[in-house]
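Taking the hints into account, I'd like the entire structure generated from these sequences.
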Amino acid sequence: MIKAEGERRGLPVLVPVGDFDDVVNVSPPDIWGGFVNPLSDVSERYNPDGVVLLKIRRNRVDWQLYPKFQDMKYSAPIEGSDTGDINGVLANVVDAIADQYASRTAVTLGGDASNTTLLSITGLQSSEDYFSLERTLEGLNSIASLKLQSLSQGEAIFQISLLGTEEVFNNELMVDRRISKGSAETEIVDGRVVPLKLNYRFRGVSKVPAPAPRAPEAETPDNEEPSASEDITESENTVEQAVQSTANVGSDSEQEQN
1 MIKAEGERRG LPVLVPVGDF DDVVNVSPPD IWGGFVNPLS DVSERYNPDG VVLLKIRRNR
61 VDWQLYPKFQ DMKYSAPIEG SDTGDINGVL ANVVDAIADQ YASRTAVTLG GDASNTTLLS
121 ITGLQSSEDY FSLERTLEGL NSIASLKLQS LSQGEAIFQI SLLGTEEVFN NELMVDRRIS
181 KGSAETEIVD GRVVPLKLNY RFRGVSKVPA PAPRAPEAET PDNEEPSASE DITESENTVE
241 QAVQSTANVG SDSEQEQN
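Under UniProt numbering, the residue at position 17 of the sequence shown is numbered 17, and the numbers go up by one with no gaps.
Treat the hints loosely; a few may be bogus.
Computed list of lysine to aspartate or glutamate pairs in DMTMM-like fashion (alpha-carbon distance at most 20 angstroms, straight line) [what the hints assert, rightly or not]:
(1) K147 <-> E128
(2) K73 <-> D30
(3) K73 <-> E44
(4) K55 <-> D22
(5) K147 <-> E172
(6) K3 <-> D82
(7) K68 <-> D95
(8) K197 <-> E138
(9) K3 <-> D95
Keep in mind the hints are simulated off the structure, nothing from the lab.
As structure tokens, this is what we get:
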């Protein structure tokens with residue numbers, strides 16, 4: 001029911017599987033009491049963007065939304081409740097949650113794209129990191145235009161034009177958990193704080209270290225039994241000697257007959 005309502009609103013919903021790990025690490029009192037630490041720990045295995053707690057009592061549903069999982073332990077949830085037919089109530093809850101995310105990331109079509117600023121992203125370690133970042137930025141609805149200004153020493157600086165506010169852009173960008181936010185460089189214009197440069201850091205896939213060189217094989221002591229490969233070599237030598245002996249015997253017999 002909840003998954004179907006999520007699909008209706010374009011909101012991906014993942015319900016915990018409730019296996020042994022879930023049951024051991026979180027209890028019903030943790031859920032009903034809203035204890036954040038065990039709930040956050042047990043949710044980590046699912047790598048969610050946000051977490052929702054539902055408490056269902058007959059025809060009443062109370063819900064709590066932590067829209068950003070990484071801030072779950074440090075921020076208060078968004079709360080709501082509804083009563084009535086359970087199917088209708090669950091649909092209303094999903095609508096409320098979807099509206100919360102829409103208000104954070106939605107961009108008004110035909111909006112003013114004159115909000116131009118610089119975007120700095122550090123931590124790029126390879127061309128793969130850069131192209132992956134570029135694809136991410138080009139897929140953001142909040143960016144009207146994107147132009148690379150410089151790329152040096154792992155830092156890419158873009159000139160971007162935003163369709164929405166800086167907050168909408170930040171919320172949309174931070175969905176990518178490889179990216180973390182730094183402090184923005186700002187100035188005061190007409191009594192307003194205007195960003196000069198937005199600073200972020202990109203964390204790409206860790207490179208696999210090269211394997212350590214193999215140590216030289218130790219010599220076999222005299223009193224140690226020969227290995228299987230040595231046995232095979234010795235057997236081959238014995239067979240070769242036997243073949244040579246047979247050939248010599250045959251040759252001697254021919255000479256006697258002559």
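Within a Cα-Cα threshold of 20 angstroms, do K3 and D95 meet the stated pairing? holds, 12 angstroms
Given pair status - D22, K55, alpha carbons within 20 angstroms: OK: K55 and D22 at ~17 angstroms, within 20 angstroms.
Restraint check for K197 with E138, where alpha carbons must lie at most 20 angstroms apart: Measuring from Cα to Cα gives roughly 18 angstroms; hence the hint holds.
Taken at face value, is the distance from the CA of E172 to the CA of K147 at most 20 angstroms? holds, 19 angstroms
Just to be careful, I want the Cα atoms of K147 and E128 compared with a cutoff of 20 angstroms; is the pair within it? holds, 18 angstroms
Given the hint that K73 pairs with D30, does the C-alpha gap stay at or below 20 angstroms? Holds, because 14 angstroms separates the two Cα atoms, which is no more than 20 angstroms.
Holds or violated: K68 to D95, with C-alpha atoms at most 20 angstroms apart: holds, 18 angstroms
For the pair supplied as a hint, K3 and D82, is the alpha-carbon distance within the 20 angstroms limit? Since the Cα atoms of K3 and D82 sit roughly 18 angstroms apart, the hinted pair holds (cutoff 20 angstroms).
Given the hint that K73 pairs with E44, test it: the Cα-Cα distance must not exceed 20 angstroms. holds, 12 angstroms
Checked against the numbered hints above, the structure breaks none of them.
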